[in-house]
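So the protein lines, in turn, are chains A and L. Take the first sequence: its letter number 71 is residue 71 in this note's numbering, and every next letter is one higher. Take the second sequence: its letter number 206 is residue 206 in this note's numbering, and every next letter is one higher.
Hints were generated in silico from the structure; no laboratory data involved. Some hints here could point you the wrong way.
Since the list gives no way to pick one copy over another, a pair counts as held whenever it fits inside one copy or between any two copies.
Said to hold, decoys possible - In the DSS-like style, the derived pairs of lysine-lysine whose C-alpha atoms are separated by at most 27 Å in a straight line are:
no., residue 1, residue 2
1, 4, 187
2, 278, 48
3, 314, 187
4, 162, 8
5, 165, 8
6, 391, 308
7, 195, 162
8, 316, 4
9, 159, 79
10, 8, 391
11, 195, 316
12, 342, 388
13, 297, 159
14, 316, 162
15, 308, 80
16, 79, 4
17, 187, 162
18, 278, 57
19, 8, 22
20, 342, 278
21, 22, 159
22, 297, 388
23, 4, 195
24, 48, 79
25, 80, 314
26, 297, 195
27, 57, 80
There are 2 protein chains.
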Amino acid sequence: MNYKFSDKISGLKPSAIREILKATADPNIIAFAAGNPAPDAFPVDVIKRFTDEILEKNPIAALQYGATEGYTPLRDAVKKRLAAQNSFSDRDELIITSGGQQASELSCKIFLNEGDTLICESPSFIGCLNAFRSYNANLAGVEMDDEGISIAGLEEAVKSNKNCKLLYIIPNFQNPSGRCMSAERRKAVYEFACKNDLIIIEDNPYGELRFGGEDIPSVKSLDTEGRVIYAGSFSKVVSPGMRIGFIAAAPEIISKIVVCKQVSDVHSNILAQMICHKILTEYDFDSHIEMLRGIYKRKYTIMAEGIKEHFSSKVKVTEPQGGLFIWGTLPEGSDMLEFCRKAIERRVAVVPGTAFLTDENAATTSFRMNFSTPSDEQLREGCEILGKLTKELYGE
Amino acid sequence: MNYKFSDKISGLKPSAIREILKATADPNIIAFAAGNPAPDAFPVDVIKRFTDEILEKNPIAALQYGATEGYTPLRDAVKKRLAAQNSFSDRDELIITSGGQQASELSCKIFLNEGDTLICESPSFIGCLNAFRSYNANLAGVEMDDEGISIAGLEEAVKSNKNCKLLYIIPNFQNPSGRCMSAERRKAVYEFACKNDLIIIEDNPYGELRFGGEDIPSVKSLDTEGRVIYAGSFSKVVSPGMRIGFIAAAPEIISKIVVCKQVSDVHSNILAQMICHKILTEYDFDSHIEMLRGIYKRKYTIMAEGIKEHFSSKVKVTEPQGGLFIWGTLPEGSDMLEFCRKAIERRVAVVPGTAFLTDENAATTSFRMNFSTPSDEQLREGCEILGKLTKELYGE
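For reference, chain A alone in the conformation it holds in the complex (with noise of 0.2 Å):
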């Protein structure tokens, strides 16, 4: 047969990096090019007695339906928990979400007609970037420096593209980068965003994994006007396999997102909202999100001394204060393609950095590193190789 599928499914290419991702399956490939939670960073006695509770006490309330807006318990608790960090009031609503994945594919369906511009940073989330693509989004990349997301590419960008409506940044330790969007630069997109009429997703599932430098308030924080939609996640903190994120909006577009999520999974896995919710009330999360920090710290030093003491000098990389990713870039003019494929052949998966850009023909010479998903001792070989071949390849 010859299947007729819709304009914007046909659009979404099968990626120039998935030869590259598949290597990552193999087990004796040392897995830099990942996302995932490390596996002691699952807080899993706690889940187990707190899912026994659950299923003793509250069997049917896990089991039945439940509302599309989410467990009314567990809203009550992110609720008072982004209100602590400034990015909820009581002019905004919630509704719990399918992963942080959800919020930003909801948000566009909710505002985007086919062929509308989403401003995003460039280089950016490619999962998201995806979910865009699949409503026909035309994507206008904006570059970054050391604060975040460019305001006179911002000012371009509006200029060379129609109907700008959404602006998507991850300021915490964005993904690919690591870059953490500066205070200023925050407020100074808020402004922009209130000056051009755009929506602003404010993604933020790597917030709570600061382990170095100060926090920054959101851009929720600064928002008045309710034009911010800031989507938070489970997935980093708590376990990613149960699929709960959260978004917090004004009530306008949380009804809209209401409806949409409930024609396309009419609510999210009740069990896992009890779960979360007992983890948040009842547990000393706090203690919790530190423990991590302190896992995560331990390993983005382990990755960044491996880097300090085997790469190439020629090669620079970010040095987040948090999150899971560092992003590297090779010399000018370097064949950054080649240097994955020979890193895969030295069984150390890394993400060609094209994977992020809105064109992903594009050039670009950097590459993502992740420093959660390897074991520590695979972090120290890791770095090893790919220092090995930097040097190989760009000399000392």
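Got chain A; can you put chain L on it based on the hints?
Frame of chain A, contents of chain L only:
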């Protein structure tokens, strides 16, 4: 702020029946309007035992990211069960979805451009109709007789609508009508789809819940061309709160659905997938299904007898051999919405038939009653109350 939502979402109007459905949240209302499994239908002890085992022996796998296609052992077990029902062949592939609803939503997304036509039974399941509406599909509802969707109606629909691409049907114990499509009609519908190059979405959430008559082969079992997307779900046979369903279809279709699911919720809750796998492979699932059939046969019989005893003879009802719903039709010319409002005043909620039409403003004197959610006592009491009302309005 004045939000500019996308055209496809702005088109999703608040439903005329919202107020009536809201009333069902009141615990003093007898809910003939719901569609929840009976509380005693949940295999609570088994779920508890399997959950314990999974979190004891394999917690990291249950909590970590998983594949978008689904948990491989569950996929294999579902394939095997479907193959035994002739609904999966070795030319097919299978993906786990977040409930049956997601199957229809993603099938629509991968095939329809805005304005393309989806043909469906009229009346049909409101959740999926709204999913299709959320992609700006043109919905063409085709009337049914006792054997299912009308072939003459299908002929008319493809003539009078542009770009007909999809045909959505619920052959077994259709929601809301409770009707089961005959074997003859299934063949005719499949042939019609072949002749008119339509892709069929065969939604089968209720197929296992047959409490009378003989199983009828699925439309999928007739499919030699790869044009049937078969959607099933654990919602009605294990737990809807888990949000686990599946799609069996040609590999080309499944691979597009994988891309779309990946950008929506990445994958479905892993623990729930592992529980479903154990239920299929380490538990006597067939005996469990027999138990469910017993429950629903009992509940159906109570409602059917209550209707026979108390309802005005002017009210016609369907006599389903499975599923969860009875479809009632008031005498021609009667004010169905007024009947539903009066029923609510007397503390019984039914769903106005307009909710299930492709055109919510079209006229119908029908309404839906559910027999799985209310207790046996509520079924008796509700039928007495409704029956009295029908006699007051329409005579003996």
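Okay, the hints, checked on the actual structure:
1. 4 - 187: Answer is between: at 23 Å across copies they meet the 27 Å cutoff, but 46 Å inside does not.
2. 278 - 48: Intra 11 Å, inter 18 Å, cutoff 27 Å: intra and inter.
3. 314 - 187: neither (34 Å within a copy, 68 Å between copies)
4. 162 - 8: For residue 162 and residue 8, the Cα distance is within 27 Å both inside one copy (18 Å) and across copies (19 Å).
5. 165 - 8: Both: 18 Å inside a copy, 15 Å across copies.
6. 391 - 308: Only inside one copy: residue 391 and residue 308 sit 12 Å apart there, 86 Å across copies, limit 27 Å.
7. 195 - 162: Within one copy only: 16 Å inside, 42 Å across.
8. 316 - 4: Neither. Shortest intra-copy (45 Å) and inter-copy (42 Å) distances fail the 27 Å Cα cut-off.
9. 159 - 79: Neither: 37 Å inside a copy, 52 Å across copies.
10. 8 - 391: Close neither inside one copy (43 Å) nor across copies (54 Å); limit 27 Å.
11. 195 - 316: neither (35 Å within a copy, 61 Å between copies)
12. 342 - 388: within (11 Å within a copy, 80 Å between copies)
13. 297 - 159: Answer is neither: 41 Å inside a copy and 65 Å across each miss the 27 Å cutoff.
14. 316 - 162: neither (35 Å within a copy, 56 Å between copies)
15. 308 - 80: neither (42 Å within a copy, 53 Å between copies)
16. 79 - 4: between (44 Å within a copy, 26 Å between copies)
17. 187 - 162: within (24 Å within a copy, 49 Å between copies)
18. 278 - 57: both (13 Å within a copy, 22 Å between copies)
19. 8 - 22: within (25 Å within a copy, 36 Å between copies)
20. 342 - 278: Close neither inside one copy (46 Å) nor across copies (42 Å); limit 27 Å.
21. 22 - 159: Close neither inside one copy (39 Å) nor across copies (46 Å); limit 27 Å.
22. 297 - 388: within (24 Å within a copy, 71 Å between copies)
23. 4 - 195: between (41 Å within a copy, 16 Å between copies)
24. 48 - 79: Classified as within: same-chain Cα gap 25 Å, cross-chain 30 Å, threshold 27 Å.
25. 80 - 314: neither (47 Å within a copy, 55 Å between copies)
26. 297 - 195: neither (39 Å within a copy, 62 Å between copies)
27. 57 - 80: within (25 Å within a copy, 34 Å between copies)
The structure is inconsistent with the numbered hints 3, 8, 9, 10, 11, 13, 14, 15, 20, 21, 25 and 26, although it conforms to all the rest.
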